[in-house]
Structures are given as structure tokens and as C-alpha cells.
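Asks: Protein chains in written order, with our numbering: chain R, 1 to 188; chain Z, 1 to 188.
Simulated from the structure, these hints should not be mistaken for laboratory data. Hints are supplied without guarantee of correctness; some may be wrong.
[What the hints assert, rightly or not] Derived contacts from chain R toward chain Z, CB cut-off under 7 angstroms, selection only:
| no. | residue |
| --- | --- |
| 1 | Ile20 |
| 2 | Phe32 |
| 3 | Asp42 |
| 4 | Thr44 |
| 5 | Val47 |
| 6 | Ser62 |
| 7 | Val66 |
| 8 | Lys82 |
| 9 | Ala93 |
| 10 | Val100 |
| 11 | Gly138 |
Glycine is no exception: its CB is placed at the ideal position from the N, C-alpha and C atoms.
Number of protein chains: 2
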Amino acid sequence: MSDTVTIRNGIDVDQLLATIEAIKDDPVVGTFTFKASSRWRDGTYNVGEIGRFVHAGQEDESRDEVFRLDGDEPPVLLGRNKGPNAVELLLQALGFCYAVGFVANAAARGIELTGLEYELEGDLDVRSFLGLDGARAGFTEIRAKGRVSSPNATKDQLDELSRYVQDTSPVRDCLTNPIPVTTTLEIR
Amino acid sequence: MSDTVTIRNGIDVDQLLATIEAIKDDPVVGTFTFKASSRWRDGTYNVGEIGRFVHAGQEDESRDEVFRLDGDEPPVLLGRNKGPNAVELLLQALGFCYAVGFVANAAARGIELTGLEYELEGDLDVRSFLGLDGARAGFTEIRAKGRVSSPNATKDQLDELSRYVQDTSPVRDCLTNPIPVTTTLEIR
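When you get a sec, could you build the whole thing from the sequences and use the hints?
Replies: Structure follows, in C-alpha cells:
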């Protein structure tokens, strides 16, 4: 037992290690069902909500309020810029995912960070979306550039960590490997 | 030539058809590079920015300000719920993408909509993210449920439209087919 709490990069390392042990003991502790919803407002403008999720078969109650997000298109894609568009959110998700992985794993390895940024970009050809022959509907390529500062890690340690983060990133896995997506429609 | 402007479901159908013609004439008009960035704040909390993008080789100037997004994890995943997490944003992106596709294509087909909602959920096992043997790092399955209301379309028309939207959805394509993702790290 220890009375000290190890917080590194803002991550509670003891909680992280305890979580890993708990999941080793019972894999159900590692299972989640995340959720989001969207409601159409007008034209290309939609409002999204992200609220509670299911963890280990039970609803997590830590969120009292939902997160609201605006989604829209720019004028050149028929919208009014009331929010980012869907594929821009996808890039944002990749940046957030990489950052969480980098910071948490750095904390576990004793690596202190003083800065971490990501720039993401993706190439997209809208011909398929508009019903024309052309490239695939989604991004043909995504590029991510990280910038990191650490007072106590070597270049080799940071490069190795970056590779590890890529290999274990949930969002990167979603983008680089196929996911089964089932879609149903209820007509009211 | 017509002096009337056809707005259906909030979509300027004339602009939509003119855009399709412009891309048929010059495929470069259909090419985009979208961007996002993220900056680490503390622990699992990151702040994202989505600003200008490149359209047909030129920076689009329609956005005067960037969209700011908070990304964080819930306490059970070492965060403080300052924002949704990365995989929740991915689900949100799918909902927004489906909605834009449904509304725009309905407009083009003369289908009027009075309501459109999506509920998304995805199953995720965090073992790989935490360095344990287990399922893939990303979602093992995503489920999307749409609900639509239309005063002038048949069930068959709406079902067919839903299938078309899935086939041409950029985000669905990103999730169901592999994308090359290149990641670099600069050490400061």
C-alpha cells in the first residue's frame, strides 16, 4: 500500500494500473458501448448529443448533462457553416485519440510531457457522394503530424511511444481496418 | 434558365445540381482537403480546432472563425468529462454524415422531409488500448438507427434512399473500408 498518488501528465497512474489489473481479472470491465444521436434541423445543419454510455453492462452515471455538437457544411457544400462537417469531426477524433493514448502511455512509462499537438488532414473527393463516378466516398488518405515536448525522454523513446500509440489507437483502428456497420430506418 | 430558386428541406437544389455539373466538367472542383488540430491541455483533456479547408486547390475563405471542440474521457477512463471522447465523436460524425446525405438526396429526388434523427452506438473493448491481449482496438460493431418522417414519400422510396445514403456516405466508407493513415512526430 502507498499513501502517495502518482499523477503524471495529469493522469492518475495508480488508477490506470488498477484499471488494467481489474480488466485482467474480469475482461467485462473493459467493455463499453458508446452512443451518440443527431437531430436534423434544416438543410445540412444537424444537432448532435453525446450522453451516457454503457460500461461493463451498466450505464455509467458520471455525466449529468449531455454534450451538444453542431454539424453543418460550408456554403460550397450547400450549408451555412453552423458547425464542422462530418469528415472534419473524424479528423478531430483521430487527433483526440492519439493525444489521449500518448499522454496516458507516457505517464505509465515515466515520461513527462510539456506539450503535445496534432495536426490532421484528409483528402476527399465528393464525386461519389454526389452520385458521380470517381474516387471512394471517404478519405483517400489521412495525414497526422504530432509535435511533442518532453523534459526527460529521448527521441528514441518518443518515437517508439508514437508507434505504440498508433498500434493501439481505437480511432486509428476504426479508420485503417473495416468495421461492420448496421443501419436501419424507421419510418414515422 | 429559371428565375425561381428551388429550396427543399433547406437545400438549394439548383446549387446542388449546378455543383454536380461543375464537377462533371472539371473533377478538380470535387476535391477537398479537410483539416483539424488538437492541443493537449491536461490529462485526457484536449482542445480541438477546425478551421479552413482546401477546395479545388485553394483555401476556402467562408469561415471567419474556427470551431472549437473539447475532447476528454469520463472518470472511468481517467478523465473529467470536459467533453466527449474520441470514439464518441466518430459515432457523431456518422450520424451527421448520414443526415446530410439523406436530406440532400431527398431534396434532389423531390422527397420532402419533416423529421430525421439518428441514434448511433458502438461496442468497444479497451483491452488493446491498455496493452492487454483482446479484441481489436476500435469498435467491433457500430449500429445506426434512423427515424424519418416524410409527407410525400413511400416506404419503398425512403428505404431505397437509406441504402443509397449508406453506399455514398463518406464517413461510412471511412469506417467500413481501410484508409491509409500516415503519422509523423516532431520532437521539440
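Asks: Next step is simple, just say for each hint if it's right about the structure.
Replies: Quick rundown of the hints versus the structure:
| no. | hint | verdict |
| --- | --- | --- |
| 1 | Ile20 | 5 angstroms, holds |
| 2 | Phe32 | 5 angstroms, holds |
| 3 | Asp42 | 4 angstroms, holds |
| 4 | Thr44 | 5 angstroms, holds |
| 5 | Val47 | 9 angstroms, violated |
| 6 | Ser62 | 5 angstroms, holds |
| 7 | Val66 | 9 angstroms, violated |
| 8 | Lys82 | 9 angstroms, violated |
| 9 | Ala93 | 4 angstroms, holds |
| 10 | Val100 | 5 angstroms, holds |
| 11 | Gly138 | 3 angstroms, holds |
The earlier numbered hints that this structure contradicts are 5, 7, 8.
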